[in-house]
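Number of protein chains: 2
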Amino acid sequence: MTDYKIIQTINGPEDVKKLSMEQLEELASEIREALFNRLTKIGGHFGPNFGMVEAEIAMHYVFSSPKDKFVFDVSHQSYPHKILTGRKNGYISDEHFSEDSGYTNPEESEHDFFNVGHTSTSVSLATGLVKARDIKGDKENIIAIIGDGSLSGGEALEGLNVAGSEINSNLIIIVNDNEQSIAEVHGGMYKNLAELRETGGTASNNLFKAFGLDYIYEENGNDIASLISLFRKVKDTDHPIVVHIHTQKGKGYEIAEKDKEGWHWCMPFDRETGKPTISFGDGEDYTSITAEYIMQKAKSDSEFLVITPAMPGSAGLNKEQRKELGLQYVDVGIAEEQAVAMASGAAKNGAKPLVVTNTTFIQRAYDQISHDVCINNSSVTILLNYNSFDSLTDVTHLGIFGLAAYTNVPNLVVLAPTSKDEYLAMLDWSVDQKEHPVMILIPGNQVTYREADKDFNRLNHFKVEEAGEKVAILALGDFYQRGEQLSAKIKAELGFTPTLINPRFASGIDKELLESLSERHQMVITMEDGILSGGFGEKIASFYGSSDMKVKNYGLDKKFYDRYDPNELLKEVGMTPVQIIADICNQIK
Amino acid sequence: MTDYKIIQTINGPEDVKKLSMEQLEELASEIREALFNRLTKIGGHFGPNFGMVEAEIAMHYVFSSPKDKFVFDVSHQSYPHKILTGRKNGYISDEHFSEDSGYTNPEESEHDFFNVGHTSTSVSLATGLVKARDIKGDKENIIAIIGDGSLSGGEALEGLNVAGSEINSNLIIIVNDNEQSIAEVHGGMYKNLAELRETGGTASNNLFKAFGLDYIYEENGNDIASLISLFRKVKDTDHPIVVHIHTQKGKGYEIAEKDKEGWHWCMPFDRETGKPTISFGDGEDYTSITAEYIMQKAKSDSEFLVITPAMPGSAGLNKEQRKELGLQYVDVGIAEEQAVAMASGAAKNGAKPLVVTNTTFIQRAYDQISHDVCINNSSVTILLNYNSFDSLTDVTHLGIFGLAAYTNVPNLVVLAPTSKDEYLAMLDWSVDQKEHPVMILIPGNQVTYREADKDFNRLNHFKVEEAGEKVAILALGDFYQRGEQLSAKIKAELGFTPTLINPRFASGIDKELLESLSERHQMVITMEDGILSGGFGEKIASFYGSSDMKVKNYGLDKKFYDRYDPNELLKEVGMTPVQIIADICNQIK
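Protein sequences appear in the order of chains V and B. Residue numbering for the first sequence follows UniProt numbering, starting at 1 and increasing by one per position. Residue numbering for the second sequence follows UniProt numbering, starting at 1 and increasing by one per position.
Read the hints as simulated data drawn from the structure, not as lab findings. Since this is a predicted model, take the numbers as computed values, not measurements. Check before you lean on any hint, since a few could be wrong.
Copies of the same chain look alike in the list, so a pair counts if it works inside one copy or between any two.
[Unchecked claim] Under the rule of at most 25 Å between Cα atoms (straight-line distance), these lysine to any residue pairs were calculated in the SDA-like manner:
1) Lys511 with Ser547
2) Lys571 with Ser547
3) Lys17 with Val234
4) Lys139 with Asp432
5) Lys209 with Arg197
6) Lys235 with Ile216
7) Lys258 with Ser29
8) Lys470 with Glu519
9) Lys511 with Tyr544
10) Lys470 with Asp548
11) Lys559 with Ser546
12) Lys491 with Gln579
13) Lys319 with Trp265
14) Lys511 with Phe543
15) Lys67 with Glu435
16) Lys233 with Asp68
17) Lys511 with Glu572
18) Lys571 with Phe543
19) Lys258 with Ile224
20) Lys589 with Tyr544
21) Lys511 with Asp548
22) Lys299 with Ser169
23) Lys559 with Glu512
24) Lys5 with Glu22
25) Lys319 with Glu261
Let the hints inform the model, and build the full structure from the sequences given.
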């Protein structure tokens, strides 16, 4: 049992400033113990935090938060900062774990300024703090922390460019260079960072200087004394300066130091062995199905090309598989705009590109999907993982906005598969056809097995899985199984067989079929895995607006939910079978 | 009358290759004459094309399009290329003007690969062409043309970064450096470009080299012989190389050379004087109203801050006004992500930021609106111009997707004003409040004058402008006047007074009011200036889905319309008063 002698005395940054150098070193090891305590038990971001312990101690030693303002990029590296700003209990005291989110969070502390979870945001957000400070005539230090692969995102580069000319006052940009992204880094700038590391910051063609920024380098990014001296040098600077520090991702845990990609993020694990202490059963999942499809397709079709913005894990691709794919695989680094535009170009020159990432991140390429791909009808397939209310529940990583964002983009065919067979059929069809941009929403539920029609050429053709009467259930994508359950309950409790429909296409409506439902049905129910606003069901409601058909849309509210219980949420929005049956009884006679 | 001796012989790039150096020079002046012919009569992009005449001649002289592939950025600088690739008639023959769009267009010619109109896309699109070429084992040259301010966009920077490491084959990036964006350039990189120009390309901290790219400089960007020799040097290169050429925006027309911003784009004009030959009447427009509001607000409120991504014209701000705004104005250059994120930061540090641009461009910051602003409930006001079917009709610049894109983002209050008074009241309210992110859609119709309620604190509170019976018309934003016309026609022809509602809020619904309509109404009509899919009306239809109220949504189809006649389009979607009255007669008894 660790006794956290120093941590126990830290209730805020002012307590950090009281410590001797020796005590600061001791604090660093206690912080790593505290991180182990939380991460072995509930998991979280490992490597980014272990690498930044010393830097965050030195930051709080030199600067005066919250007057001086730290803006963390992604903010998955902010755990030591949280421990130092009154939130130690979320790390050393198990019953308090749930009080701290995995990201910075202004509702938790005045030392946090933004809820963030997407990369490449900190410089741009910090320039805004700077601009407001300057028009108010204030004088505090504004410090952006960025790194861990996120420099390659367009927003960060736009931010550096603007900081390099439009800001003429204090702005400190700490570049946490751990030689790594989630997976390995990609992009010419990383050759530049390597040259800078090798030359102690003196290499020519310095990227930051090219953007008009002042620059300073520190090799010992895990040495508190060096960092304190460094930060003292730049404190109260009167112009923007980049502080490039070389840190070691995962420092302090040998297993993580050796496998940086594997330990970017961790499940609960055993500290001795590094092995996860929970498991998800042995059955296959959609990620492994995706990886298998990709490897087979690449072998059999030399035009097939996989592009990912730093998220090979979304497709279950491990290092060996990525290597095996060779020329048919491109990781563009954290750069969603580039990934989508590149895919459009590749399609126009005869390749069959598949872009893979998470739903929450692809919104960074909204314009590229609309303008670069869809206006041009480029036959790009965009494959999205974690597109469900039932996957990631952090407010910054929700997968519930995809239907609203993309089903309204012209020309884009959004497909929502309901089983393994249908998922693979959709992939096959989409990758091989040359007429349409397609988005496929990987189901968020357990893998289910049902045979599927394999032809999707007739766009927006919904499939009637069971013909019935009175009530028609349109259950979209991974909510199809909920539709099945509802159907069974209606049969059992209400004594009739409803019609069960698998829409397959989320981006259009089957007018002919909907028209024909009017004959034997009084009510249409839609069920979808996302917010209702702008999604699938509202299109159905609009279609029937001037008819006698009653329509009830089931889905989530337009809301940034945060760390919720998925089952409770379904109850909250009235979507359990019991609640829906009650609604039906109110409607049909 | 120009006789276009050389141009008449050019039916494709092969004819350019046959010319002597003297004839190429003559061709350049004939192209300028052809540009004058089109631009004096129908307007278009002036400066970008006049500056690139020599470069595009040299490109077609050295490379072999369409085997070698040119990808123009924005493609507003592609007119000389069009003249040289079989489309001269669109410039020299007035009756053929309409055959050529103002941008590259694959439907027009095999020499064009993409429909583009947004900036910063060419490098990323070109890397895709490269990747497909490489997996197919082909060998052609791929040439991206970028410049005119668009290097600062995130997509372009992501593209340069990826080109600098992930492409190991032929890719030529021509940087057209005319020292200018639409307005003046902003961003540290432009200091770097200036240093490179001043040193003949030898300055240290070369931005392109920092991204890992090879680099070559040419000072004489308007000299055909120098350019031919330059392009021959890089033709068939086996690696990515940046070819930095220094050109003069507007070259060949003294008035444009002197006023680069004013002549980026032009209305039809008189060549002698440079004065526009058409005018829009003397009345005020929403752009001048916006500029006036901004100047007054800035004077009276030191926390007010205007941020624009290179589109000061969207707010009607001229050079003198921008200067007068001083610290309270930031042009971040073409960098929508930065603009929106910066605004979020500024709001969090106590400023009152107003972001101004066009609807079609703000979609480049979709993630920043959602993640950086709305999750954080930053009190940012985003003000959008050209948000109407009746403004820009080029497929790449449509203003009809804003409602679908933004009314479904949680926390964002989307306001649709219906008159000058209401517009100003909404601006006042939004800028001063500290609770919500707000988007205001500047009306796309003529300025109208009606007094408005000034309180918007009760979100989603619709305003009943006239209470009536049987039919309720919800006419959103600049379609409110169409609602008034419809109401008048119903009174005259159907003999009853319908209820006329000004929703004001596009992003939510007034449940209480909608509920209350059930008493005296059988039908609700929604009218909106945009596509129906994902927009305002569908939310109303969903609300009434299980009631007896009939709902009919009027708006545009989910489609990339291109260069249409706005009045014809309204007929096509059944939205004229005559058509709506017929629908009503079918519904109500």
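Now for the hints, and whether the structure bears them out:
For a Cα distance limit of 25 Å, the shortest separation of Lys511 from Ser547 qualifies both inside one copy, at 13 Å, and across copies, at 21 Å. Within a single copy, Lys571 and Ser547 get their C-alpha atoms only as close as 30 Å, which misses the 25 Å cut-off; across copies the closest is 23 Å, which meets it. In the homo-oligomer, the alpha carbons of Lys17 and Val234 lie at most 25 Å apart inside one protomer (18 Å), although the nearest pairing across protomers, at 58 Å, exceeds that limit. Taking the shortest Cα distances, Lys139 and Asp432 sit within 25 Å of each other only across copies (24 Å), while inside one copy they are farther apart (59 Å).
For the homomeric pair Lys209 and Arg197, the shortest alpha-carbon distances inside one copy (15 Å) and between copies (17 Å) are both at most 25 Å. Taking identical chains as interchangeable, the C-alpha atoms of Lys235 and Ile216 lie at most 25 Å apart only when both belong to the same chain, with a minimum of 13 Å there against 39 Å between chains. Taking the shortest alpha-carbon separations for Lys258 and Ser29, only the intra-copy value of 19 Å comes in at or below 25 Å, while the best inter-copy value is 64 Å. For the identical chains of this complex, Lys470 and Glu519 are intra-copy neighbours only, at 9 Å inside a copy versus 27 Å across copies, given an alpha-carbon limit of 25 Å.
Proximity of Lys511 to Tyr544 under the C-alpha cut-off of 25 Å is found in both arrangements, the shortest distances being 10 Å within a copy and 20 Å between copies. Proximity of Lys470 to Asp548 under the C-alpha cut-off of 25 Å is found in both arrangements, the shortest distances being 13 Å within a copy and 17 Å between copies. When the C-alpha separation of Lys559 and Ser546 is checked against a cutoff of 25 Å, the pair qualifies only between copies, where the shortest distance is 23 Å, while the shortest distance within a copy is 29 Å. In this assembly of identical chains, Lys491 and Gln579 lie within 25 Å of each other by CA distance solely inside one copy; the values are 16 Å within and 44 Å between copies.
When the C-alpha separation of Lys319 and Trp265 is checked against a cutoff of 25 Å, the pair qualifies only within one copy, where the shortest distance is 16 Å, while the shortest distance between copies is 50 Å. In this assembly of identical chains, the alpha carbons of Lys511 and Phe543 lie at most 25 Å apart whether taken from the same copy (8 Å) or from different copies (21 Å). In the homo-oligomer, the alpha carbons of Lys67 and Glu435 lie at most 25 Å apart only across protomers (22 Å), although the nearest pairing inside one protomer, at 56 Å, exceeds that limit. Taking the shortest Cα distances, Lys233 and Asp68 sit within 25 Å of each other inside one copy (15 Å), while across copies they are farther apart (52 Å).
Taking CA atoms no more than 25 Å apart as the test, Lys511 paired with Glu572 passes between copies only; the shortest distance there is 19 Å, against 32 Å inside one copy. In the homo-oligomer, the alpha carbons of Lys571 and Phe543 lie at most 25 Å apart only across protomers (19 Å), although the nearest pairing inside one protomer, at 27 Å, exceeds that limit. With identical chains, the CA atoms of Lys258 and Ile224 are at most 25 Å apart within one copy only, with a shortest distance of 23 Å there and 56 Å across copies. In this assembly of identical chains, Lys589 and Tyr544 lie within 25 Å of each other by CA distance both inside one copy and across copies; the values are 19 Å within and 19 Å between.
With identical chains, the CA atoms of Lys511 and Asp548 are at most 25 Å apart both within one copy (16 Å) and between copies (21 Å). With identical chains, the CA atoms of Lys299 and Ser169 are at most 25 Å apart between copies only, with a shortest distance of 23 Å across copies and 55 Å within one. With identical chains, the CA atoms of Lys559 and Glu512 are at most 25 Å apart between copies only, with a shortest distance of 20 Å across copies and 33 Å within one. Only within a single protomer do Lys5 and Glu22 lie at most 25 Å apart by alpha-carbon distance; the minimum there is 13 Å, versus 85 Å between protomers.
Taking identical chains as interchangeable, the C-alpha atoms of Lys319 and Glu261 lie at most 25 Å apart only when both belong to the same chain, with a minimum of 10 Å there against 50 Å between chains.
Checked against the numbered hints listed earlier, the structure breaks none of them; every hint is satisfied.
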